[in-house]
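Chains as they are written, first to last, in this note's numbering: chain R, 1 to 309; chain S, 1 to 246.
Just so you know, these hints were derived from the structure itself, not from any lab.
Only a predicted model underlies this, so the values are computations on that prediction, with no experimental measurement involved.
Possibly wrong hints are sitting among the right ones.
Stated by the list, open to error - Which chain S residues face chain R? A few, computed with CB under 8 Å, are given here:
#1 25
#2 122
#3 138
For every residue, glycine included, the Cβ atom is placed at its ideal position computed from N, Cα and C.
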Amino acid sequence: MNESPQMEPRIDPPAPSPAMSEKKQPEEHPGHSKPGNLFQTIESGGDFTTALHREMNGLDSVVEIENFNLWYGKSQALHNVNLSLPVGKVTALIGPSGCGKSTLLRSVNRMNDLVDSVRTEGSMTLAGEPIYHSGADVIELRKRIGMVFQKPNPFPMSIFENVVYSLRIAGIRKRSILQEACEKSLQRAGLWTEVKDRLKTSALQMSGGQQQRLCIARAIAAQPEVLLLDEPCSALDPIATGRIEDLIDELQGDYSILMVTHNMQQASRVSAYTAFMYLGRLVEYGPTEGIFMNPRLTETEDYVTGRFG
Amino acid sequence: MVIMTMIMSIMVVPFGVLAALYLKEYAKPGLFVSLVRIAVNNLAGVPSIVFGVFGLSFFCYIVGAQIDEWFFSANLPNPTYGKGGILWASLTLALLTLPVVIVATEEALSAVPQSMREGSYGCGATRWQTIRRVVLPRAMPGIMTGMILAIARGAGEVAPLMLVGAVKLTQDLPVDLSQAPFLFPERSFMHLGFHIYDLGFQSQDSEAARPMVYATTLLLIAIVVGLNLGAIWIRARLRKRFEAAR
Numbered sequence: 001m002n003e004s005p006q007m008e009p010r011i012d013p014p015a016p017s018p019a020m021s022e023k024k025q026p027e028e029h030p031g032h033s034k035p036g037n038l039f040q041t042i043e044s045g046g047d048f049t050t051a052l053h054r055e056m057n058g059l060d061s062v063v064e065i066e067n068f069n070l071w072y073g074k075s076q077a078l079h080n081v082n083l084s085l086p087v088g089k090v091t092a093l094i095g096p097s098g099c100g101k102s103t104l105l106r107s108v109n110r111m112n113d114l115v116d117s118v119r120t121e122g123s124m125t126l127a128g129e130p131i132y133h134s135g136a137d138v139i140e141l142r143k144r145i146g147m148v149f150q151k152p153n154p155f156p157m158s159i160f161e162n163v164v165y166s167l168r169i170a171g172i173r174k175r176s177i178l179q180e181a182c183e184k185s186l187q188r189a190g191l192w193t194e195v196k197d198r199l200k201t202s203a204l205q206m207s208g209g210q211q212q213r214l215c216i217a218r219a220i221a222a223q224p225e226v227l228l229l230d231e232p233c234s235a236l237d238p239i240a241t242g243r244i245e246d247l248i249d250e251l252q253g254d255y256s257i258l259m260v261t262h263n264m265q266q267a268s269r270v271s272a273y274t275a276f277m278y279l280g281r282l283v284e285y286g287p288t289e290g291i292f293m294n295p296r297l298t299e300t301e302d303y304v305t306g307r308f309g
Numbered sequence: 001m002v003i004m005t006m007i008m009s010i011m012v013v014p015f016g017v018l019a020a021l022y023l024k025e026y027a028k029p030g031l032f033v034s035l036v037r038i039a040v041n042n043l044a045g046v047p048s049i050v051f052g053v054f055g056l057s058f059f060c061y062i063v064g065a066q067i068d069e070w071f072f073s074a075n076l077p078n079p080t081y082g083k084g085g086i087l088w089a090s091l092t093l094a095l096l097t098l099p100v101v102i103v104a105t106e107e108a109l110s111a112v113p114q115s116m117r118e119g120s121y122g123c124g125a126t127r128w129q130t131i132r133r134v135v136l137p138r139a140m141p142g143i144m145t146g147m148i149l150a151i152a153r154g155a156g157e158v159a160p161l162m163l164v165g166a167v168k169l170t171q172d173l174p175v176d177l178s179q180a181p182f183l184f185p186e187r188s189f190m191h192l193g194f195h196i197y198d199l200g201f202q203s204q205d206s207e208a209a210r211p212m213v214y215a216t217t218l219l220l221i222a223i224v225v226g227l228n229l230g231a232i233w234i235r236a237r238l239r240k241r242f243e244a245a246r
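Pulled out of the complex, with its shape left as it was, chain R reads as follows (with noise of 0.2 Å):
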């Protein structure tokens, strides 16, 4: 799977929608290579506001980001981000590489707490309650939002203790309950009846696939609410990755997910949302059709079409 965009959706331009046309609509015809002066601004640091499509208003979101601004030491690497997380919904997060689609996911569940430098501003909420708080329990906010990596990482155990993993921390000794929640979210993650023989087994002796799978049913195993998604298929070949779009399908509607890919195709084929980024800042905000479809600003469609990026 490389990263050239399907272009069927794009054979003849499509006319632009009256119900879009009310802000910034693309003057020239799109189909230059040359990306539009957006970029530019952008880059010389200019002022934007976002392109927000109008389906996106009056969504129930479960995670609301506003005027989120983020710096590693000096350089800042997300410029006033808002966006809103739809509940039960996949939203996808486009860009070219080093646009902060990988921050802003990791801003979500706090993990940049990780890094000593990083400082943020603006808010954040997950249901209603700030992220970014003095008071704010990273370590329950973290059982509460699922995430899973780029690489699968399994840790050095069994692929039950794997499984059962953030419930261990959080206290439960129960066998019952451990076996209960373990079968369930390997079912959850199609992965049962491949590994029901052997859930005493070392988890690093699964294919790379099936470490993905794992590493889904581990975080889906303390029911979180919202599940995290950084390249969850950049490390696996295509079949396996079939398999893990076929599970994000399944998973929606239980969970809401946002997910970082590189790879337009899969936004296009597994997202309701699509979110495209550029440089730090949130560029067009819409759902998954608009964006590739219609998109209401040039340079998103030089992006989702292959011309630029």
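Chain R is already provided as a structure; the job is to place chain S on it using the hints.
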């Protein structure tokens, strides 16, 4: 000697691991940590006889004398703990091998992938839970390597022991199963390495002593090899649990 090495391992591993954990996981990198690290590395280069002198003056004459004063004042002026003994010898060796364990443990901790720690934090684990459940098990084979090196170094040491408890000839072993409490950490002991030195250089008839020197050396090497094999076997078992068919 086996007992001494075991006491040494039991003493040195927790200390070394704790020190390495502090340096690696808790302390903020800076001048202090660098200084401690340099000091630890320098400690590894100190001649072992210096450790012997330190053991004698600190353990035997200060700590031991205190213990005597508090608990065995009936026996004074004959010292109980205030002289060379297997406990002090073990502690001296533990000090001697501490740098090896610290350095090896730090290496093992660095080798634990950051992604694994992040995974644990992402599940809502605290720092200590992450260290205990994920980092330490993963680093265990490396820590065992440090212990093997420490055993190899400690078991072959003679010089410091001459000062802190090894004697030419003694009737009583530090372990006596016929007598409660079976282990007598204050007793002096005979040491194979010291025995070799004694036979080879101090005896009247060195020609007659030569076969005994060879025999003793062989035995010493055999014991060191045995101890190491034991530790390697434990490490291999640990490895099998974590290593994967990648």
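Structure-based check of each hint:
no. : hint : verdict
1   : 25   : violated, 12 Å
2   : 122  : holds, 4 Å
3   : 138  : holds, 5 Å
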